[in-house]
Amino acid sequence: MQERIVGQVKRVNGPVITVKGITDAMMMELVNVGEQRLVGELVKLSGTEAIVQVYEDTTGISPNDNVYGTGMPLSVELGPGIIGTIYDGIQRPLETLRNVGGDYIQRGINRPSLSRENSWMFEPLVTVGDEVTPGSILGQVVETERVLHKILVPPTLFTKGTIVEIAPKGSYSVDRTIAIVEYEGQTFQLTMMQRWPIRVPRPVRERLALHTPLITGQRVIDMMFPLAKGGTVAIPGGFGTGKTMTQHAIARWCDADIIVYIGCGERGNEMTDVLREFPRLIDPRTGRSLMERTVLIANTSNMPVSAREASIYTGITLAEYYRDQGFHVAIMADSTSRWAEALRELSGRMEEMPAEEGFPAYLPTRIAEFYERAGYMKVLNNQEGSVSVIGAVSPPGGDFSEPVTQHTRRFVRCFWALDRSLASARHYPAIGWLESYSEYVNDVAAWWDEHSDGSWRESRSQIMDLLQREVRLQQIVKLVGPDALPDSQNFILEVCSLFKNAFLQQNAFDDIDRYSTVEKQIGMLQLILSYWRLGSEAIKKGVPMVKIRRMKVVQDIARMKFSVDNDDVGELDRIALRLERSLGQLGGMYEE
Amino acid sequence: MKNSNMLTGLDRVLLSGREYVGADKIDGPLVFMRNTHPIGYGELVECIDQYGKVRTGQVLDTSDEVVVVQLFEGTSGLTLPGTKMRFIGEPLTLDVSEQMLGRVLNGLGKSRDGAMLPRGEGHRDVNGLPINPTSREYPRDFIQSGISVLDGLTTLIQGQKLPIFSGNGLPHNQLAAQIARQAKVRGADQEFAIVFAAMGVKYDVARFFIDSFEESGVLSNVALFLSLADDPSIERIITPRSALTLAEHLAFEKGKHVLVIMTDMTNYCESLREISTLRGEIPSRKGYPGYLYSNLAELYERSGKIAGRDGSITQLPILTMPNDDIGHPIPDLTGYITEGQIVFDREMHARGIYPPINGLPSLSRLMKDGIGEGMTRSDHPHLANQLFASYSHVKDVRNLASVIGEEELTVLDQQYLEFGDFFERKFVHQAFDEDRSIELTLDIGWKALSLLPAEELQRVTDQEIEQHYRS
Ligand SMILES: Nc1ncnc2c1ncn2[C@@H]1O[C@H](COP(=O)(O)OP(=O)(O)OP(=O)(O)O)[C@@H](O)[C@H]1O
Ligand SMILES: [Mg+2]
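Line by line, the protein sequences give chains A and B. Residue numbering for the first sequence follows the working numbering, starting at 8 and increasing by one per position. Residue numbering for the second sequence follows the working numbering, starting at -10 and increasing by one per position.
Just chain A, with the same shape it has in the complex (with noise of 0.2 Å):
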């Protein structure tokens, strides 16, 4: 490619130059900037100056240095080979990086996201004559065990055209062209390999309502505050309340294909954490490693700030483009606080007016475009694909009015509040029951109500309703003591209590607790409320509730997630019995 120049710096104010002598410099243009080529990109033009933002640290970058076009926009590599791989912020191989420049990430070294050197073996699903269009599937290649990648024709390239040449069966670089179409009497080579400016939403058919939950095996999630997929969740929480942890447990457990996992701004050791764990656990729907479905992004606290800015559009683009392979795509973003902390940054340099707390006036048109990116789509091809987006937000202070928290719960319509207070008493997930909410309930009712006998609906209502009764019973207990309330409204708070403790709370380091299925869900939920029903019978017939709560059967009932196994959901069914025999038994004495 023939290197031209663009202009040069005026003015280094840490990641953030100016460029004089502005030329013919395209807006969002992909620069280079210095000898070292510094990867940024302009983001603003005005008479003959530039500004650029530089994607890596500008110290030694002085007045006068050269600034490169590259005439393109900052763009993703889309092909076979980003599963499994880690990436920073603008998609360069952090692996790759390591073995060219050791253990520190150094500057101005680059090398191509998807590999020239790794052949995969192409097999085609056309033959010459065919007619092609934007999405079509040209063939496919065994990404992983898990993953069988569909090679796409380019979303913009021509309207429509037809195949005068496709590679046969065979193993291919991503680089080497593999099909060859003719539109109008131009001819267009393809390659495996596609790019797409992380800026631009990729384009899909039509978006399609949402009906399917996205299953996480988070009890409090999936039972009480449902994320559909195609969905968008906001966890926000101040520091330790567990966002990290929830979205690990996600990434983990939930039955997307494909996991998108950005460390935006966040610690290097929790991708490291990742990286650790996920090739060694199982995948329990597919026996496959977790680590042959997820992709990561990591760019942590101490990496460029304008590459964190950047991260979010990478991982929202590599989504996009497993969707438009049929995809259920879940990405999650660690956090999107840090984000917007880092537009924030960079509008300062810039020095632009800033609105609320320092931030720019465009945070909240940011977070919306960012958010509508989510959907369950009709994709060019007529499949159907989806994107869930898991947004961690940190407010400061844990102070949930601040603006990112606040302009964040404008655009996602499922919302995981986590609570400081649960944190302490380590009541994990932290998710407060109180202040949560999902708007996908609805949707996703008929499914769970079709996968639980019809009671998914009823019996989530039913726990509610007490979790609420329960607070206001905490009220008068705080001022007299739980002594003076009948035992009918006590037992209220003791199935709370056992409720919390039994189901809400999920202990992410145990190995059954981890993750539960629908069944064991469904069952575990009905076993407390038959607890509940039954007690309070037990009740009326003039049963004293110490004497319920002392049932070996509700020990059983408080530890049945450590001790029943998700493959052996019928020990549920018998502690039912265990339980409507025991309260029977009590229930006789008093009767007579």
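These are calculated hints, taken from the structure and not from any lab test. Hints should not be assumed to be uniformly reliable.
Pairs of lysine-lysine, DSSO-like flavour, derived with a Cα cap of 30 Å [said to hold, decoys possible]:
(1) A:Lys17 x B:Lys73
(2) B:Lys436 x A:Lys485
(3) A:Lys548 x A:Lys485
(4) B:Lys357 x A:Lys507
(5) B:Lys275 x B:Lys243
(6) B:Lys173 x B:Lys357
(7) B:Lys173 x A:Lys554
(8) B:Lys275 x B:Lys191
(9) B:Lys14 x A:Lys17
(10) B:Lys99 x B:Lys73
(11) A:Lys485 x A:Lys507
(12) A:Lys485 x A:Lys547
(13) B:Lys73 x A:Lys507
(14) B:Lys243 x B:Lys173
(15) A:Lys548 x A:Lys507
(16) B:Lys14 x B:Lys42
(17) A:Lys554 x A:Lys507
(18) B:Lys384 x A:Lys559
(19) A:Lys485 x B:Lys99
(20) A:Lys559 x B:Lys436
(21) B:Lys357 x B:Lys243
(22) A:Lys559 x A:Lys485
(23) B:Lys243 x B:Lys99
(24) A:Lys176 x A:Lys17
(25) B:Lys14 x A:Lys27
(26) B:Lys14 x B:Lys173
(27) B:Lys384 x A:Lys507
(28) A:Lys554 x B:Lys436
(29) A:Lys485 x B:Lys384
Source: prediction; values computed, not measured.
Dock chain B with the ligands against chain A, hints included.
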């Protein structure tokens, strides 16, 4: 296209070190220079005052028109015409060496005790470089501090960054010194090298640490970077960077296990705020710059372990929470970066409990992989969980007791009160020189739990109850 203004590599070499006389403006620690050759961002600067004394600085902003330099040794005594600047053309570095152990240095790593420092083993950029996340090794080795509330509930792991959130007048220095003295990795016969960075603290604080290191005979294994209360406040910005640069050298080039104690991070952040305000930057909360998070992360993330290298960096930053407010931006942003926190409680201190650590808001995120079977003891994870759960209930009971009176409490709630007292007096409380083994710590924990009825203990297994619970 050829540009006549362009500097070639050779020009740069020739121009670097060139001296300019006369500053345009001086504002706090910032010096503004005009009419220089093109100066690189972040470059090292030497400023020579009219008496020939050299001060070190760094380029904060560079453009065609003006270069802004921050001087780490302050600007006091400088005159506009008498100021000479030499732009070195390289970033600010520290000449690192093992010989720095046992020495007292200033914030820039220059000798403070007057004696010459021997030549080091090479210059390292004090800003460091981010560790590639694929190169990290997940820390998991348990450090026994001999302090029950830490070892039992907020376990420190080798390679962790675990700050102490304290307040003025609370014994955080004692605790840090006790950890430094007692810390050991069991079964491994190795000592910690200690890198100590003092930012804006009084001389007595530094003295206290020096004495304590001396008493335990480890002073020769400690490098002290002191930038005290009466040193220019700007020096505090560079002090932790110098300290961590040495720590990285010791850990990742010399294979040592390094414990870095940094105090007081609050002073560090205030210096940052000063500079930011001087430069007219748009503040975020409480006047602190919007980049405070990233800036702190650049320090705290310089800890951990690197795969294939022997050493480790464990960070123990100390910060005093302004107004004891954990929601203040400094503890808040710190908590968002570090791997947990140790939180002091003034009320416990007033009741004579040492260390006055409130277990509930305290947290060690790395303990999950460092405790249990084969590391501490198999019952440790569940025991810790149970202690947290039970102790968090004590708070509610105490509140209720203050409303309705202790006598009105149920028997069970009275047992909780007893448990709470025992927990604070016997488990948390210990002497400044008391070094408990992890087994002893866990046994005391069980003694506390034994004050409660067994069916209250739902986070431990039946077998564990059988083995350890003695009512
Ligand atoms: N489901 C869970 N099971 C067990 N422990 C948990 C669970 N969720 C959270 N924790 C505990 O809480 C700690 C903090 O959780 P996490 O790291 O997810 O917090 P966070 O909200 O991401 O904090 P930060 O904003 O600082 O990153 C964990 O290290 C773990 O000890
Ligand atoms: Mg987190």
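These are the hints, each one checked on the structure:
no.: 1; hint: A:Lys17 x B:Lys73; verdict: 24 Å, holds
no.: 2; hint: B:Lys436 x A:Lys485; verdict: 29 Å, holds
no.: 3; hint: A:Lys548 x A:Lys485; verdict: 28 Å, holds
no.: 4; hint: B:Lys357 x A:Lys507; verdict: 22 Å, holds
no.: 5; hint: B:Lys275 x B:Lys243; verdict: 41 Å, violated
no.: 6; hint: B:Lys173 x B:Lys357; verdict: 19 Å, holds
no.: 7; hint: B:Lys173 x A:Lys554; verdict: 50 Å, violated
no.: 8; hint: B:Lys275 x B:Lys191; verdict: 25 Å, holds
no.: 9; hint: B:Lys14 x A:Lys17; verdict: 21 Å, holds
no.: 10; hint: B:Lys99 x B:Lys73; verdict: 21 Å, holds
no.: 11; hint: A:Lys485 x A:Lys507; verdict: 19 Å, holds
no.: 12; hint: A:Lys485 x A:Lys547; verdict: 25 Å, holds
no.: 13; hint: B:Lys73 x A:Lys507; verdict: 69 Å, violated
no.: 14; hint: B:Lys243 x B:Lys173; verdict: 19 Å, holds
no.: 15; hint: A:Lys548 x A:Lys507; verdict: 27 Å, holds
no.: 16; hint: B:Lys14 x B:Lys42; verdict: 19 Å, holds
no.: 17; hint: A:Lys554 x A:Lys507; verdict: 21 Å, holds
no.: 18; hint: B:Lys384 x A:Lys559; verdict: 28 Å, holds
no.: 19; hint: A:Lys485 x B:Lys99; verdict: 60 Å, violated
no.: 20; hint: A:Lys559 x B:Lys436; verdict: 25 Å, holds
no.: 21; hint: B:Lys357 x B:Lys243; verdict: 29 Å, holds
no.: 22; hint: A:Lys559 x A:Lys485; verdict: 29 Å, holds
no.: 23; hint: B:Lys243 x B:Lys99; verdict: 21 Å, holds
no.: 24; hint: A:Lys176 x A:Lys17; verdict: 53 Å, violated
no.: 25; hint: B:Lys14 x A:Lys27; verdict: 25 Å, holds
no.: 26; hint: B:Lys14 x B:Lys173; verdict: 52 Å, violated
no.: 27; hint: B:Lys384 x A:Lys507; verdict: 18 Å, holds
no.: 28; hint: A:Lys554 x B:Lys436; verdict: 28 Å, holds
no.: 29; hint: A:Lys485 x B:Lys384; verdict: 12 Å, holds
The structure fails hints 5, 7, 13, 19, 24, 26 (numbered hints given earlier, in ascending order).
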